[in-house]
Structures are given as structure tokens and as C-alpha cells.
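> Spelled out from the first residue to the last, the chains are:
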Amino acid sequence: MKKSQRTPYDGIVIAAPVTIPYVRYSIESAQWWIGRALGALVAQAGIKASDIDGLCVSSFTMGSDSGIGLTQHFGLCVRWLDTIPLGGASAIAGLRKAARAVQARDADIVACVAGDTNHVDSFRLTLENFSRFNQDAVYPYGAGGANASFALIARNYMRTFGVTREDVGRIAVAQRANALRNPHALMKAPLTLEQYLAARPISDPIHLFDCVMPCAGAEAFLVMREETAASLGLPAARLLSTIERHNAFADDPMQVRGGWAMDIGELYAMAGVKPDDLDIVQTYDDYPVITMMQFEDLGFCKKGEGAEFVRAHDLTIDGDFPHNTSGGQLSVGQAGAAGAYLGLVEGLRQVLGTAGPTQVSNASLGLASGFGMINYDRGLASGAAIFAGPSR
Amino acid sequence: MIDPIKPPRRKNPLLRTRLPASPPRPRSRTSHGFTRAAAEGRFMLQRCEACGAFAYPAREACPSCLSPALAFADAPRQGTLLAETTARVPSDVYFRERAPWRIGLVKMVCGPTIVAHLHADCAEGAPVRMSFQLDKGGQAVAFARPEGDTPNMADDRQWREMTADPKFRRVFVTNGRSLIGQEAVVALKAAGAKTVFVGVAEPWRPFAGEDLLRRQEGVEVVTLDAADEKSAADLAADIGGKVDILVNTTEYVRAGGLLDRKGTSIARDEIDQAYLGFINLAQAFGPAMRMRGADGVNNSVAWVNILSVYALANWPAFGAYSASQAACLSLSHCLRAELRPGGIKVMNLFTGPVDIEWFQTVPPPKVAPRAIAQAIVSGLRGGLEEMYVGDVAEEIRQRLAANPKALERELDK
Ligand SMILES: [Zn+2]
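Sequence order for the protein chains is A and B.
For the first sequence, this note's numbering begins at 8 and goes up steadily by one.
For the second sequence, this note's numbering begins at 2 and goes up steadily by one.
If we strip away everything but chain B, and leave its shape as in the complex, we get (with noise of 0.2 Å):
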């Protein structure tokens, strides 16, 4: 039984702040399997193409009929905890600064046994469900929980060591004229987020929805114009030490792709806002961030981008938009060795044309910001690196690996 966490106190100021470290990072290549699996939250083992047995930790040969053939896949959780042990003195300063520190032997139902984290609600002999994490060092791990939900499971020490639970954590969500800036503020007090700073650019203007955001309890209205240099240092200046979660809103849409636009100012305007409006937040809120990686419960742990599926394979109708996107996917590969060092999570969720005025022509299925709010509540949870959010984003994923040719001609019609 898990007793649950107590909301942190206010900091002293003059104590130091701890620096973060990171868990020990080398892994061989193949082993980077799991780093994909663990990514989108997927459970995924070596599995022999030829006999059908699954192996681990990775190889590069089958154990039972030796057979290059060794594709991940998705494999079944289920195992049994067959004896555990606390580490008490480890030997680097990550586990040492943490220790006691839980492991285990899980036998899973599919064959290999597999040395986990474990939550503390897992007893030897007993069932577990197994997952791959990304620890601080944002490499994948093996951690096992109860086969059930047991009280106060997500408060587990070790647990929030994997994850980005905006629980008694402050939030900061960039763009509060947007409808899923609306949603994610509401979705995140809802998580138990402590408080949520959400920007407003030029906020002597009014608009829709502004109303349920200044009456919320725990949610302070703060300017900025994400693509004005100077007012995101100048916010970061003021909040910038008490962001542990930062949700890039930025959204700048409009239709339209080379040849029949004129000249560059729209997209100068595409890049101005969501590209270089990233780089600014990046370099306002990222060093403060990184340094703030292991303070205490409300430590800093994440950085989400909300990104257009259409940045992975440019949509000719939104040719200008998507390109800035890709822009944006780039850079956020960037941000997130950056801010690896801090154990601070980068979180892309990628969706399909939004239910927004801007997609206004673009038919259905889309996306109700609503959902993409509670995605990015379900991610941070289960701390993940990348999401599909809605059908068309999960189709175009699927049609991208299948084949990136078809998927360039079929989206030029």
C-alpha cells in the first residue's frame, strides 16, 4: 500500500538546488528496440520469426533455433515476480542519491525473465504487468507493477521517477486563446496539477472562453506572445522557476502551399509564430527547466509539443503549415537531447486536422481539442515521448511505415 504523496512546501529558498542525474545510459544498439516501444507506451519483445519464441534482453540471434530473424513485437505483459531485492549502496550517484532502490525477477507468460523496476505494491510469487519506461536518462526500462490497480498507484516513489504525472506539479500552458490551450488548462487542474500558468497574448483583447479561465481556481492568466523574443524572457523572468511542466499551445494555421500564395509574408508569419515562437519558449523556460530535474516532488519533468501529424509527410493543401511543423519536429528532437541532462521529458503529440475554425473546410474525422487535453493528461502519466492522437494521425503513421511513396502521391489530391 502506497500512502500518497503530500503536496510539496513552499522552497527555501536558500537551500541548493539538487542537480539532476542521470541513470546509467549505455545500451547496445538493437537494445533500442525497447526505447521505441517504451516511447509510445507499447509493451514489445524480441520475438524468433522462425519458431516463435520470444527472447530477452535483446539479441541478435534467436536462443532456441538461432535465427537472425528477431522482430520486436507487441508481446503480453502478463508475468510473475519471482524474487526481489533493495539495492542500498549502489554504485552511481543517480541510484545512490535514491537508494533504497527496488528490483526484480519477473517470469513472464510469454518465456524470458526479466529484471524490473518495481512498484512497490509488487510481492514476490504474485502477478505483475510489465511496461517499458523511459527512465531520467530517457532510456527504456523494465518496469513491473501489480497485475491490479492498488490505491495511490501513480504516488509510487519509483513510478514518478518514470513518468510526468502533473500531479501537485505547475503547469504552464502557452497559449490560452486557443481552444485546446482552453482544454488542456482544464484537463491538467483536473489531474491535480497545483497551479496552472496559461499565456494570453495581448490580453486587453477578449476572447472566447476567456471568462472560464480567469474564474478557475489554481489557474493564473500570464502574457505572453510566444513568437515576441522579449515577452517570453520577460515571462520567464517572473515564472520561469516554477514551470515543472511546459505545454506548447502554439497554433498558427492557415491553408495553402507554394504556388498560389504570393511573396513570403504568410509564411514568415507560419514560421514567426510556431517555429521561432518554440525557439524563444525554448530558451526562456529550457535552461530553468534543466536545472530543476530532480527538485524534490515538483520537480520539473516535461516538455509537450502539440504537432501536426502532416509534419512527418508534408499535406500539399497545407503545404506551408506542414512544413513549419516539420520545423517544429525537427527542433524538438533537438530540445530533447538538450534537455535529456535534466531528466526532463520531450512529449510530441501528433493529431490530424483539429476541429478549429481553421480546418473549418477540411471534412471529418477530426479532432475535438478536448481529446487532445486528455491525451496530453494520459501521456504525462504514462510518461511518453511520442503520441498519436485521433485516426487520421494513427493512419498516416501506419501508411508512412508502410510505404512513404504511397502516402506522398495519395495525399497530392
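The following block holds chain A by itself, in its conformation from the complex (with noise of 0.2 Å):
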């Protein structure tokens, strides 16, 4: 069957990036952290709750709740309503849905919001209970969870290209560099590549500074038409292009790209930009191994040439390629499903030129990339996005 021609996203933008500050263990539910998420947005925007006519959410924590309990929750009148399940992958998703929707007028106004709580024993019940495959053919087998998991992908990934932990490690201490200037960072102290080398093994070869630290958190963004971010009076980001893929190259014996590789094309062409145009890149950092491997899949670099192309670029905020530019979740702490959002939160402040210490200064074009739901044996949901800020 032909592929169709996509419609652009003319005139769609995001304002409004919103992050509640992480804290590494929280007695409060998923639904507070949403909920200050959604004042912080509506605060932000200077809009009534009222105003809010389309909700999106992704959140691991819930308990028996969706999207539809927490507009009763909440006091949202809405109607245009999802809820996304996709990990990693759930901002990119989360913007695409709502893109369209204030695109077709389904919306005028859509909240998409991703927030988590961490109890001390959140982390163990959502490996336990993280998928059917899991429970069934993975959970059981060392039950070391998403650590084990992508520790498979890294050794072979790195074995079948050469990259050593050096390498690896090159992305994770530039990226705690980073979060040295960001005040709400969980990490507060700096990372040497010795330190990075030295740390103890988790399962081989993910170490301890391969590992992101759950925790809770949220963040939000809005999503609407440019007439509509005008007449409110909001800096907002154009949305130039998105991409989204899920079990991509099912044959691969072993996970050695994310389905990004499969529609990288149509992600520059759609936006009209190349690679080496972005001012800032924000990846899914879930592992720094994942990170190398967007590199070569988002176009940044050829397959195998991850190891070559960190060691070739300086990866924080004054160097030549600005990536993950709050410390990323390697360095500020994965809020569950806010650990999605994260890149992207921070690349549109980033854009719009409210991020403060982190800011990169001119940044106008930015690309942000999620990645989630390791099922079986690897990841299965990928996504990209491109915006660019009112200055380009």
C-alpha cells in the first residue's frame, strides 16, 4: 500500500512548559503531582481551569484511575480526552494526539500532562507488574527489571560496535555537568569519568551512573492554535514535525536501533530542517547507551558511529552540540511517566528562552525524542519532534 502525504501542523504551538520540582521519595498520590501540574499550567498561561477544553495524561502510578476520573478530580469540563500509556514514548505521543486535535478544532485548548509518584515500594510493583511478556518471560529471570533488560541491549550493541564504557560514560558526565546548573536537579554533585568507571555494577554492563533514580515529579505543556497562544498573550513554540513508530524492525535478532531510524526521512523533511540546524537536542535518556544509539538513528551520525561522534562533540550547555540540557533523567530523576516529558519540557523553555541557568543562549530549533516500553526485549514505542521558538 502507498504511504500517504502527511498534512503539516501549520500553526499549531506549545506554550506554557511547566515542571513540579522532583523529590526522590513522595507520600503523596500521582494525582496530587498531576494536579499541581494543571495549577502550575493554568497559573503559568493565565488561563481559567475552564478554559482547558482537551486533557492528556500519561501516568504509571494512578492506581485505578485514567484520564476520565481525573477530570472529575479536577473539576475539567472537557472534551477531548486521552489517556497514554506509552512510557517513554509518552510526550511525543501525547503531543501528536493533541496537535491534531486543536488542528481539527475537536480542542481549542489541550493540557497534556505526565506526572508520577514514588512510595518506596512504587518502583517494585511497576517492574512487577510492567507488562504481560514481562511477568510471563521476563520479571522471573533475576527479576532485575529494565536494568537487566537494557543491560542485554547494551552488551551487545556495544560489543557489535566497539564502544567502550568510556564512551557510554562520555554522555552521562556532560549531562551531570548540566544538572549543576539546575536547581532542581535530584543530582547535586559533579561526575568525573573515573567516578563514572569506577562505580559498581548493576547488571553488567549498566553500572550505577547508567541508572536513572526514580522518583516524583510532573510536567505539562499546553497545546493550541496560534491564534489562540496570540490572543492569550502566550510565547509559544511552533510544532514543525513529529514522528512516531512502535515494534519497529521486529526481525532485528537484537535491539540495535529504535523505530526513529525507520522515519527519520519524513522527521527532517516535514520540518524543512537538517540535523546540523538544531540548537539544542533533548534524547531519551533512560540509559546514556539508548541516548548513543538516537544519535546514529535520529540522523546526528551513522550506525556505529555513536562512540566516535561523543567523543568528536562537547554535549553540554556552551558546547558545540547542547543535549539534554537540564541533566536529563540520568541527573534530575525519572518521575515515571513525567521522565517522557522531560526532554521535551525542557526543550521548549529552551526555544522560547525561559530556561534560565540552562539556557542556551540563541537556541531556536530544538528536536526532542521519547522512548518506552521495553515489553519483552526491547524497546517498543519511539517518537521525535521538532518545534522551533518565535525567534526563527
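It is worth saying that the hints were derived from the structure and are not from the lab.
Fair warning: there could be bad hints in the mix.
As the list claims (entries may be wrong) - With a straight-line cut-off of 16 Å between C-alpha atoms, the simulated EDC-like cross-links for lysine to aspartate or glutamate are:
#: 1; chain 1: B; residue 1: K108; chain 2: A; residue 2: E273
#: 2; chain 1: B; residue 1: K108; chain 2: A; residue 2: D259
#: 3; chain 1: B; residue 1: K108; chain 2: B; residue 2: E125
Said to hold, decoys possible - Facing chain A, a subset of chain B residues (Cβ under 8 Å, in silico):
#: 4; residue: L20
#: 5; residue: S23
#: 6; residue: P25
#: 7; residue: R28
#: 8; residue: F55
#: 9; residue: T86
#: 10; residue: R89
#: 11; residue: V90
#: 12; residue: S92
#: 13; residue: E98
#: 14; residue: I104
#: 15; residue: V116
As the list claims (entries may be wrong) - Label-pair ranges, simulated between beta-carbon atoms:
#: 16; chain 1: B; residue 1: S65; chain 2: A; residue 2: M269; range: 17 to 27 Å
#: 17; chain 1: A; residue 1: V127; chain 2: B; residue 2: P288; range: 32 to 42 Å
#: 18; chain 1: B; residue 1: E148; chain 2: A; residue 2: L215; range: 30 to 40 Å
#: 19; chain 1: A; residue 1: D128; chain 2: B; residue 2: S65; range: 54 to 64 Å
#: 20; chain 1: B; residue 1: R30; chain 2: A; residue 2: R107; range: 35 to 45 Å
#: 21; chain 1: A; residue 1: R13; chain 2: B; residue 2: M154; range: 20 to 30 Å
#: 22; chain 1: A; residue 1: R207; chain 2: B; residue 2: P8; range: 32 to 42 Å
#: 23; chain 1: B; residue 1: P288; chain 2: A; residue 2: P190; range: 34 to 44 Å
In this text, a Cβ means the ideal position worked out from N, Cα and C, and glycines have one as well.
Two chains, each in its own frame: build the complex with the hints.
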């Protein structure tokens, strides 16, 4: 079947990037965190809650709630509603759906929000109940969780392409440097490559500083049409292009590439830009080796050249390839599904010029990617978006 | 290369016994197809009846053609280890106590990739043979071993978690008067059991084979009349904390069914010996075994029942006996559930008529007691739950699966 041409996102914008600062453990519920994010959205945008007529929610720890329960919980009356359980791909997927909803005028202002709490046993419960394949065929094997699953992928990738722990460590070390400028990052101590290499093994070759710290927090943004933002006097970023893909390359015996590789041509063509044009890049960094894979699959270098790319570039805020400028999940923390939003929300602040201490000067064109759902032996969901600030 | 395990030292009675924990147990219903395979030591995967593709993990439709006809079928065991990792900080108690724990991803020659527990001698890029084993939670798990045999292979730490190898363990064979019991003692000693306790009722009464039992090194004859509650309790008070494997060789075979017998006295004996004897043994020895499921190299691991295959389908010529065996079979499932928290396996060996006096009038083929003894050892080494020993037992199983009514009619002759 011939693939049809996609409708461009003309006049679709994203506004009011919101982060509710993370804490390691919280006795509050996911609903509490999501409620705070909605409150911050309304406050930052200067709108009333009743102006929100679309809602898109992602969370692992809402218990039996989904988006519908939240409408009554928070007194929202919406005409468009979605709950997106795609883990690290939730933000891109939510953005795509919300963009089409406001484009088709099914809604005027969609609030996209992700939040999770972290009780002492939340992480273990999420691991145990992640998916049917995970329950049947992964968790009973050492109960190593995502660390063990990604360890298998990392080991194969590193061996196949001759990648060393030093190469991967550069990503984590650069992100820590960025995080030291972000007052909300949970990791506050500097990290050297020596410390990275000397960290204790978790699931070989994954070591401590390859892992994110589970925490509680929330992230959110608003999606609307350009004229809505203008009427509200809201600074907003234009959505130029997106891609989304699930269960790509199912015949690869082990994952060495994500779904981005399948759709990358379309991502840049739709945006009318080249990888070199980007001012900031926010990848999904559940593990730095997955970020290296994204550098390849998102077109910054060829497959197998990720290590060389990392060696050749400075990934810090002031470097030649500003990447995961808030510190990323590796240094800020992973607040469940909010981890999917972290890069996109920080990227929006960057192109809007509101990133504060982590601001990259003159950033106007950004890319954020998502990756998620290690259902069995590989991450199934991938996505990416390119967006531009008012200065471009 | 695996270093051989060392004989366990005498236990310090002042130390707390580590309580058993279970690995994660939840499974989808379809996934229990692997449980069945593991129980019998078979390697089965779902195979699409429409397109022939093998699938894993358990699915409800074929990922190649969407056909719902996914039957579990015997599958080739060969694969290649693609990548391995060692989980050092697992999030669950069972694995955390046993960390570091090694797992890997195996590409099967028949198609699917399988996350599996790894034998220590498995190497990346090398061929492996896959099996499904029952773990300490009683659930099926994939286990990859090297393609060929390696030195001290069965001593692998992770493999030993899946099996009930008699090596260095203390075994209790409940009835030394029976031929099966005597052969079991010999076979278990030869398999490396440290001590074999063997029960004899009324020990002052001599019996054939007694000398052989008493002369063997590492064999202790103990007094037990399983049908007597006090006898079982007395013996358990003495050796109950030292039984790692219990082999229930209680035997009480009498011909006859219902109408040609008068009254219930024979039936009562059958029930007393086989069924109530089983209950006495379970109540006397079960609780301590369940406590000691994680008690070091010679932890408590298995309970073995020898059952007539006519427990599954009544054979009127031995009708009342068949019924007593059916009762024991049902009880074994209760015992399995109750011993499960200790990680203790309950293995049932189904046999056809055995070559002993009480089946004298039954024509061959009959099962040699030695064959049963060897099956006990191989079942324990493989960590199995169900075994069918001999041609009659295997045939009854197949006929029962094919058409239970045909079997019922044909056993009436
Ligand atoms: Zn098929």
C-alpha cells in the first residue's frame, strides 16, 4: 500500500512548559502531582481551568484512575480526552494527538500532563506489573527489571560496534555538568569520568551512573493553535514535525536501532530542516547507551559511529552540541511517565528562552525524542518532535 | 568450568535457618503451557497450526499470521546465546538473596528469542540447549545449558536451584521392606546421597534384602509404620530436621474391586496404609521440610510419591487399589500446594503393574523395581514433577488423553 503524505502542523503551537520539581520519595499520590502540574499550567498561561477543553494524561501510578477520573477529580469539563500509557514515548505521542485535535478544532486548548509519585515500593510494583510478556518471560529471570533488559541490549550493542564504557560515560558526565546548573536536579554532586567508570555494577555492563533514579514529579505543557496563543498573549513554540513508531524492526534478533531509523527522513523533511540546523537536542536517556543509539538513529551520525560522535562533540550547555540541557533523567531523576516529558518540556523552555540557568544562548530550533516500553526484549515505542521558538 | 560443590558442614544449631522465598510467581494462563512441559521435562513452545511459526513468550494469536491456533508442541532445543548479563541488585527477595544471578537472551534455531537463566558454562555466541524447569515457586522458567556436557555440570549453582539432585542430600525412603524401597536406597546412595534413612515396620520381623540394607554404608534403618500416626511422629522427632528428600514407597496392593469383596476390611487396610499413611508422613515430615527449603547445599528439596497409573483411570481388576491410589494422587496435589512456599517439589512417578508378588497374576510387561529407582534419581536430577515409568504407564497416559471413555471401557475386561 502506498503511504500518503501527512498534513503539516501549520499553526500548531506548544506553550506553558511546566515542571513540578522532583523529590526522591513522596507520600502524595500521582493525582496530587498531576493536580499541581495542572494548577501550574493555568497559572503560567494566565487562563482559567475551564478554558482547558482537552486533556491528555500519562502516569504509571494512578492506580485504577485514568484520564476520565481526573476530569471529575480536578473539575475539568473537556471535549477531548486521552490517556497514553506509552512510558518514555508518552510525551511525543501525546503531543502528536493533541496537535491534531486542536488542528481539527476538536479542542482549543489541550493540557498534556504526566506525573507519577514514588512511594518506597512503587518502583518494584511497576517492575512486577509492567506487561504480560514481562510478567511471563522476563521478571521471573533474576528480577533485574529494566536494568537487566537494557543490559542485554547494551552489551550486544557495545560489542557489535566496539563501544567502550568510556564512550558511553561521556554522555552521563556531560549531563551531570548540565544538571549542576539546574537547581531542581536531584543529583547535585559533580561526576567525573573516573567516578563513572568506578561505579558499582548493577547488571553488567550497566553500572550505577547508567541508571536513572526513580522519583516523584510532574511535567506538562499546553497545545493550541497559533491564534489562541496570540489572543492569550502566550509565548509559544511552533510544532514543525513529529514521528512515532511502534514495534519497528521486529526481525532484528537484538535491538541495535529504534523506530526513529525507520522514519527519520520524514521527520526532517516535514520540518524542512537538517540535523545540523538544530540548536538543542533532548534525547530519551533512560540509559546513556540508548542516547548513543538515538544520535545514530536521529541522523547525527551513521549507525556504529555513535561513540565517535560522542568523542568529537561537547554535549554540555555551552558545548557545540547542547544535549539534555537540564541534566536529563540521568541527573534530574525519572519521575515515571514524566520522564518522557522532561526533555520536551526543557526543550520548549530552551526555544522560548525561559530555561534560566540552563539556557543555551540563541536556541531557537529544538528536537526532543522519546523511547519506551520494554515489553519483552526491546523498547517498542519511539518518537521525536522538532519545534521552533518565536525567534526563528 | 564449575568447581564441584563441597559436602556441607554440620549445621550450627544456634544459627537461624534462612526461610525460603519464592521467585516471582504470577503468570498468564496461557503461559502454563510451559508449566506442563517443565513438569514432564519436555521442551515445548507454541506453534502456529496455520503457518508453522514458533512463538514465544506465550501468545493468544500468531505474530506471523494472526491465527489463533497456537498449540504447544515439542520444539527443538538448540539455540545460540546472543548476550548475557548478571543481575547484581534484583528488586525481589528471592533473587536478591541469590545475587549475582546470570541471565541471557537466546536465539532459538526454530525462531523465537528467549530470556533464560544461564548455566555458568554458557558463553556468548556459543550454542546452548534449552529446557523448561520448575523454579522454587513451582513455575516454569527457561534454562539454557551448554550444548555438550561440561565437568561438574549438575553442580552449577543456578541449575541446582531448579533441581532436586540427591548429591550430598539426606534422603528418607519410607518403606525398606518393599523391593522398590530397597532399589531406591541403592540408586540414591549411588547418586551421591549423604545418608539414606530407610523405614522398616516391626524391625524385629526379618525380611528379604534386610542384610543388604543394613550392610550399606550411609544407610540407616529406622523404625516406621506409616499407617501409625505415633510411629511417624516419633520418627520425625528424631530425623525430621534432616530429611532433604522424602521418597514415599508405601506399597499396599490387593486385587479385587467392589462386589466380589465382602465388607470394608480390605478397603480399610488399603486406605490405612496408602492414604492415611501418606497423611501421617505429610503431617510428620512436611512442616520441617517446608521450613528448610533454603537451608544451604543440603536444603530440603523434594517429596516423591510412587503411584499406580490406575490412579488416573480405574482398573476394575484392582479397583479398590486404584481408588486408594486416586485418593493419594489428589492428596499429592494438596501437598504440592502446601509445600510450595518452601520451594519443595512434589514428584509423582506413575507406574504400571510392578514386577512384585502382588501382581503375580498380571501378564507382562511389568515394571522392574530397579527401573523405578532409576527413574526417581533421574527425575530428581531433572527437577521433574510428573514421570511415567514403563510402557504400560506411558500407554495409559496417551489413551487417557486421547479418549477417557475408550480407556474406561477397555480397562473393563
Ligand atoms: Zn501463524
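> Run every hint past the structure and note whether it holds.
Hints, verified against the model:
1. K108(B) x E273(A): violated (33 Å)
2. K108(B) x D259(A): Since the Cα atoms of K108(B) and D259(A) sit roughly 11 Å apart, the hinted pair holds (cutoff 16 Å).
3. K108(B) x E125(B): With Cα atoms ~11 Å apart, K108(B) and E125(B) stay inside 16 Å; holds.
4. L20: violated (18 Å)
5. S23: At about 10 Å, which exceeds the 8 Å cut-off, the nearest Cβ of chain A leaves the hint on S23(B) violated.
6. P25: holds (5 Å)
7. R28: OK, holds: R28(B) within 8 Å of chain A, min 5 Å.
8. F55: violated (14 Å)
9. T86: Holds, because the Cβ-Cβ distance from T86(B) to chain A comes to roughly 4 Å (cut-off 8 Å).
10. R89: holds (6 Å)
11. V90: Interface hint status for V90(B): holds (6 Å vs cutoff 8 Å).
12. S92: Holds: closest Cβ of chain A sits about 5 Å from S92(B), inside 8 Å.
13. E98: With a closest approach of 11 Å, the E98(B) hint is violated.
14. I104: Holds: closest Cβ of chain A sits about 5 Å from I104(B), inside 8 Å.
15. V116: holds (5 Å)
16. S65(B) x M269(A): 17 to 27 Å: Holds, at about 20 Å.
17. V127(A) x P288(B): 32 to 42 Å: holds (33 Å)
18. E148(B) x L215(A): 30 to 40 Å: With Cβ atoms ~35 Å apart, the hint holds.
19. D128(A) x S65(B): 54 to 64 Å: violated (39 Å)
20. R30(B) x R107(A): 35 to 45 Å: holds (38 Å)
21. R13(A) x M154(B): 20 to 30 Å: At roughly 57 Å between Cβ atoms, M154(B) and R13(A) fall outside 20 to 30 Å, so the hint is violated.
22. R207(A) x P8(B): 32 to 42 Å: holds (34 Å)
23. P288(B) x P190(A): 34 to 44 Å: violated (58 Å)
Violated hints, in rising order: 1, 4, 5, 8, 13, 19, 21, 23; the structure is consistent with all others.
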